[in-house]
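Number of protein chains: 4
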Amino acid sequence: AAKGYAAQRIFASYSVFKGKAALSVTPVLPTFTKLDSGSLVVDRRGVMMFKFLPAIGERKYDNEKRQMIALSVTEVGSLISLGPQDSCDIFHDPSMKSSNAGQVRKSLSIKPHADGSGYLISLSVVNNILKTKEYFTVPVTTAEFSVMKTACSFALPHILGWGRLTNQLPRGTEGQPSKVDSQLLDLEWDK
Amino acid sequence: AAKGYAAQRIFASYSVFKGKAALSVTPVLPTFTKLDSGSLVVDRRGVMMFKFLPAIGERKYDNEKRQMIALSVTEVGSLISLGPQDSCDIFHDPSMKSSNAGQVRKSLSIKPHADGSGYLISLSVVNNILKTKEYFTVPVTTAEFSVMKTACSFALPHILGWGRLTNQLPRGTEGQPSKVDSQLLDLEWDK
Amino acid sequence: AAKGYAAQRIFASYSVFKGKAALSVTPVLPTFTKLDSGSLVVDRRGVMMFKFLPAIGERKYDNEKRQMIALSVTEVGSLISLGPQDSCDIFHDPSMKSSNAGQVRKSLSIKPHADGSGYLISLSVVNNILKTKEYFTVPVTTAEFSVMKTACSFALPHILGWGRLTNQLPRGTEGQPSKVDSQLLDLEWDK
Amino acid sequence: AAKGYAAQRIFASYSVFKGKAALSVTPVLPTFTKLDSGSLVVDRRGVMMFKFLPAIGERKYDNEKRQMIALSVTEVGSLISLGPQDSCDIFHDPSMKSSNAGQVRKSLSIKPHADGSGYLISLSVVNNILKTKEYFTVPVTTAEFSVMKTACSFALPHILGWGRLTNQLPRGTEGQPSKVDSQLLDLEWDK
Chain P
70 AAKGYAAQRI
80 FASYSVFKGK
90 AALSVTPVLP
100 TFTKLDSGSL
110 VVDRRGVMMF
120 KFLPAIGERK
130 YDNEKRQMIA
140 LSVTEVGSLI
150 SLGPQDSCDI
160 FHDPSMKSSN
170 AGQVRKSLSI
180 KPHADGSGYL
190 ISLSVVNNIL
200 KTKEYFTVPV
210 TTAEFSVMKT
220 ACSFALPHIL
230 GWGRLTNQLP
240 RGTEGQPSKV
250 DSQLLDLEWD
260 K
Chain B
70 AAKGYAAQRI
80 FASYSVFKGK
90 AALSVTPVLP
100 TFTKLDSGSL
110 VVDRRGVMMF
120 KFLPAIGERK
130 YDNEKRQMIA
140 LSVTEVGSLI
150 SLGPQDSCDI
160 FHDPSMKSSN
170 AGQVRKSLSI
180 KPHADGSGYL
190 ISLSVVNNIL
200 KTKEYFTVPV
210 TTAEFSVMKT
220 ACSFALPHIL
230 GWGRLTNQLP
240 RGTEGQPSKV
250 DSQLLDLEWD
260 K
Chain R
70 AAKGYAAQRI
80 FASYSVFKGK
90 AALSVTPVLP
100 TFTKLDSGSL
110 VVDRRGVMMF
120 KFLPAIGERK
130 YDNEKRQMIA
140 LSVTEVGSLI
150 SLGPQDSCDI
160 FHDPSMKSSN
170 AGQVRKSLSI
180 KPHADGSGYL
190 ISLSVVNNIL
200 KTKEYFTVPV
210 TTAEFSVMKT
220 ACSFALPHIL
230 GWGRLTNQLP
240 RGTEGQPSKV
250 DSQLLDLEWD
260 K
Chain H
70 AAKGYAAQRI
80 FASYSVFKGK
90 AALSVTPVLP
100 TFTKLDSGSL
110 VVDRRGVMMF
120 KFLPAIGERK
130 YDNEKRQMIA
140 LSVTEVGSLI
150 SLGPQDSCDI
160 FHDPSMKSSN
170 AGQVRKSLSI
180 KPHADGSGYL
190 ISLSVVNNIL
200 KTKEYFTVPV
210 TTAEFSVMKT
220 ACSFALPHIL
230 GWGRLTNQLP
240 RGTEGQPSKV
250 DSQLLDLEWD
260 K
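Residue numbers (this note's numbering), protein chains in the order written: chain P, 70 to 260; chain B, 70 to 260; chain R, 70 to 260; chain H, 70 to 260.
Careful, some of the hints might be misleading.
You can't tell identical chains apart in this list, so a pair holds if it fits in one copy or across any two.
[To be verified] No more than 20 Å apart at the CA atoms, straight line, and that leaves these computed lysine to aspartate or glutamate pairs for EDC-like:
| id | residue 1 | residue 2 |
| --- | --- | --- |
| 1 | K89 | D131 |
| 2 | K166 | D155 |
| 3 | K87 | E144 |
| 4 | K166 | E127 |
| 5 | K129 | D158 |
| 6 | K87 | E133 |
Hints were generated in silico from the structure; no laboratory data involved.
Pulled out of the complex, with its shape left as it was, chain P reads as follows (with noise of 0.2 Å):
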């Protein structure tokens, strides 16, 4: 089996740019691996990579010191169905398998501000091993949010990896016909 399949490296983020922090959100869609038979298996899922980078003056900020956070698609999944009073809290160990486990925390907080004018967007990453507490937060307006909600609905799926199933049709009229492979329809009369 062929792995590693990837495509072009494309740079498009939304981002907020604010006081003490500029927030970026950008999709990394799942990558595939190719059987020996042809078809294709999700290797390792995509994900939505927010990234946060300190302010370091008037509308400049710290590549350098910039901290992500990758959602799976289920935490997308949260955020998409905040209500206009929701808050939702995210954790994750990025060490989580290793013998670092518990070492490094990172949470991200999304909560509505009290006048319903928004939400307050917060990432903190505690790390036992450097002895380092970071803390970044940007506030973002209901059109700021509503842009991250219809963006990550729109890659939601693409995240999945249903895009390439949805997409793959037309591919298969313009070169050589496949087999109909009708055993997954099959199966739920085959019991």
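With chain P held as given, fit chains B, R and H onto it using these hints.
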């Protein structure tokens, strides 16, 4: 007419793994038949496949004992229009038009948790021929259900085959221009 | 300018079959004219075609006696913004600007069931030339209407021709880069 | 790096023609710069262009006297998150960072009709250099506003450039597989 015109197989499901069972959801696109005129007609309808696997240990699921139910586009319409208090039940008889009609009965049920924190999705399969009864339950959170609704809403027009319609034009401009088929539109004015 | 630039015909409708009539809904994309400059301009607008067939027996419908009404993008906007208690009526005169104006009158009506369980969709066609009156009624469930709303929302930007805009870029990167057309954007700054 | 990488020009607007003016809405996609590495970076951001033409007779509009305002993605977020009672105002200074700053002032206003039957969209352009004031008003129905919201929601991820991200993978599989760029994901685990 050329039958069984299909595309590369792609495996990309949305899966949730819970204590008693796992549930995995995948769109299955329609297949098309190419007419001698070159037109394409939907041959077998697309569905949304819900696959359940029973748990057989911690984070282990038995693929041999899986059960599937294939939701039609209208059944997907039921799912995506469920309000927070709504439930829905879907009944299938896989051998409906055969001599075994009524012998196997599948029912998928989606019920909201009393506290509004998500849904319980369950599948029951009663097989009178094999004298078996199987029952799967998978609790899903609000965030997980939001992923299912968003991903199923995305997939719905594609399992109808409309993705082919909307993807086709750009290719038309690359290749040979074909005569406008004005009949379809003229029909409104015909009578 | 090259007229009548069209694509492969594809048949993929959403159809509901009921006691007195069947209703089938299909998007019809716009056609484009290619200017000498290479630009594409919408030539004939896209529509959402609603086709009604009267029942002539159990699960049998008479295609010869079909009647169609082609909804404009704004009429599709009416349909997808219908709340659970709302109704809408759409009137067409297919011979509007001809000498037969006023002789044929089509009206599509969408009314909610009193118990909130769906809608009644009906089409009336009164033809004063042929001295005929036809009337079709198709009750649709909440799930079926949800399919129509979701599928029509998906199709709406495509019947506007915006799918061409959003699909075009990837092709730009495969072929020859063309000069950026900055005029469009500069216009805001011009005056 | 290759600049000014653009695609075929396509004209496909959503237009409403009213008594005093016409309004036409078109997405303008971002342009990309190709880096030497082959990656693509957003060069100029996409916008949603709102163009107003004054009426100069029955169903006649003066294209020479048009005025435009280009909504950023966040301003589009304002528009698509407007509730039935909400209004929004958008101010632009087209010469913002030049010596003419403050001399031209454009404001777009969207206000609901008192009876809930739609919105009034108006553009005012005050030009202190030319000593001109222009004012356009276009009443839009609920159905027309629903088309704008649906079409702008569709376009939003594309004016962000995310359509390129989601369209790219299928091409990856047709051509030469490239090495997985794992840096992006690894960054979360780096610190």
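Hint check results:
Only within a single protomer do K89 and D131 lie at most 20 Å apart by alpha-carbon distance; the minimum there is 11 Å, versus 47 Å between protomers. Neither within a single protomer nor between protomers do K166 and D155 lie at most 20 Å apart by alpha-carbon distance, with minima of 31 Å and 39 Å respectively. Within a single copy, K87 and E144 get their C-alpha atoms only as close as 24 Å, which misses the 20 Å cut-off; across copies the closest is 16 Å, which meets it. In this homomeric assembly, K166 and E127 come within 20 Å of each other (Cα to Cα) only across copies, at 16 Å, whereas the closest approach inside a single copy is 40 Å.
Taking CA atoms no more than 20 Å apart as the test, K129 paired with D158 passes in neither setting, with 28 Å inside one copy and 28 Å between copies. In this assembly of identical chains, K87 and E133 lie within 20 Å of each other by CA distance solely inside one copy; the values are 18 Å within and 39 Å between copies.
Against the hints set out earlier in the document, violations occur for numbers 2 and 5.
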